[in-house]
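K.L.:
Sequence:
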Amino acid sequence: MKSAKAFGKHYFSPAGFPVTVKRVPAGSGPQHPYDLTETRHYHDFSELVIITEGSGVQVVNNIEYPVAAGDVFLIQGFSKHYFKSRESLSQINVMYDASRLPLAADWLRRIPGYNIIFELEPNWPERRNFKHRLHLTPSGLAHVETISRRMLEETTSRNPGFEAALFSLLLELIVYISRQYDKAASPRTAALVRIANVISKLERKHSKPWKLADIAKLAGMSPSNLLILFKMATGVSPIDYVIKLRLRRAADDLRSGNSSISEIAFEHGFKDSNYFSKKFKQIYGVSPRQYRQKS
1 MKSAKAFGKH YFSPAGFPVT VKRVPAGSGP QHPYDLTETR HYHDFSELVI ITEGSGVQVV
61 NNIEYPVAAG DVFLIQGFSK HYFKSRESLS QINVMYDASR LPLAADWLRR IPGYNIIFEL
121 EPNWPERRNF KHRLHLTPSG LAHVETISRR MLEETTSRNP GFEAALFSLL LELIVYISRQ
181 YDKAASPRTA ALVRIANVIS KLERKHSKPW KLADIAKLAG MSPSNLLILF KMATGVSPID
241 YVIKLRLRRA ADDLRSGNSS ISEIAFEHGF KDSNYFSKKF KQIYGVSPRQ YRQKS
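Using our numbering, the first residue of the sequence shown is number 1, and each one after it goes up by one.
Because the hints were derived from the structure by calculation, they are not lab data. Note that this is a predicted model, so its numbers are computed, not measured. It is possible that part of the hints are untrue.
[To be verified] Subject to a maximum C-alpha distance of 25 Å in a straight line, what follows is the list of computed BS3-like cross-link-like pairs (lysine-lysine):
{"id": "1", "residue 1": "Lys294", "residue 2": "Lys281"}
{"id": "2", "residue 1": "Lys205", "residue 2": "Lys271"}
{"id": "3", "residue 1": "Lys208", "residue 2": "Lys278"}
{"id": "4", "residue 1": "Lys244", "residue 2": "Lys294"}
{"id": "5", "residue 1": "Lys244", "residue 2": "Lys278"}
{"id": "6", "residue 1": "Lys279", "residue 2": "Lys294"}
{"id": "7", "residue 1": "Lys279", "residue 2": "Lys201"}
{"id": "8", "residue 1": "Lys201", "residue 2": "Lys231"}
{"id": "9", "residue 1": "Lys271", "residue 2": "Lys281"}
{"id": "10", "residue 1": "Lys217", "residue 2": "Lys244"}
{"id": "11", "residue 1": "Lys244", "residue 2": "Lys211"}
Based on the sequences and whatever the hints tell you, model everything.
P.N.:
Quick look at the structure:
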């Protein structure tokens, strides 16, 4: 089966602001020329899907997942997906391009649920059973629908400042959904929840002199098991994650701070400024000094 590509420019506002909301009623045909709900497709943006009524089947990368009212999940850009058997299914699609938004990810990653829904679960190799999706309570779904309705109003009205309002509401929605996952976590999601909790802790205390044994103890698992699961979820080892996190925070300070390079290195957990410079160049392609000058 061939796949269509959905481009953000066909969904976002004419001004190009990369956030929009679409409501898709049950059993409906295409709502607009670029409605690919029932056509296998992928896109160059993220799509947060909220099932508001009924039930149906979501097909992602040729795997079928039954979905029902209250389910919330994120579709990343290059996942090939579509819905079928959706005669009774209504949904809200919140579409946004994270690469063009100041989403404050460093703060969001302090919420374990954010790590699961928005970063780990979409790429989790064991997604086949779709067991890590969030299922909202009726009151939780009502709250999410309220936020989405306000987003839809801003998208439609385009009153002055609608971009700021949409961005603010998107952040509110992401934070609320992330917190709901923390409340709804169950034993069957234990492995990913443990990794998400570890990431949240590392984000809050990135400059601490972490050792693999310390992180394993925090996760409540053996170092060898942690290595396997952490790399499966993030693509890197726990220690490599910490190093990249420190470098990312240091890069922020190099762009906006006045501290010396040595002070920035020490503040972010590097005890040797030469080692810091070496690792920084490996990741960013330039020395910390050159990075600061370019910024």
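K.L.:
Determine for every hint whether it applies to the structure shown.
P.N.:
Verification of the hints:
The hinted pair formed by lysine 294 and lysine 281 meets the criterion: a straight-line CA distance of about 14 Å does not exceed 25 Å. Taken as a hint, the lysine 205 and lysine 271 pair is honoured in the structure, with Cα atoms around 16 Å apart against an allowance of 25 Å. The suggested pairing of lysine 208 with lysine 278 holds, with an alpha-carbon distance near 20 Å, which does not exceed 25 Å. With a CA separation close to 20 Å, the supplied pair lysine 244 and lysine 294 stays within the 25 Å bound.
For the suggested pair lysine 244 and lysine 278, the alpha carbons sit about 13 Å apart, so the restraint of at most 25 Å is met. A distance of roughly 18 Å separates the Cα atoms of lysine 279 and lysine 294; the hinted pair therefore holds under the 25 Å criterion. Distance hint between lysine 279 and lysine 201 is fulfilled; the C-alpha atoms sit about 22 Å from each other, no more than 25 Å. Between lysine 201 and lysine 231 the alpha-carbon distance is near 17 Å, which keeps this suggested pair within the 25 Å criterion.
Taken as a hint, the lysine 271 and lysine 281 pair is honoured in the structure, with Cα atoms around 17 Å apart against an allowance of 25 Å. Proposed proximity of lysine 217 and lysine 244 is supported: the alpha carbons are some 21 Å apart, at most 25 Å. For the suggested pair lysine 244 and lysine 211, the alpha carbons sit about 15 Å apart, so the restraint of at most 25 Å is met.
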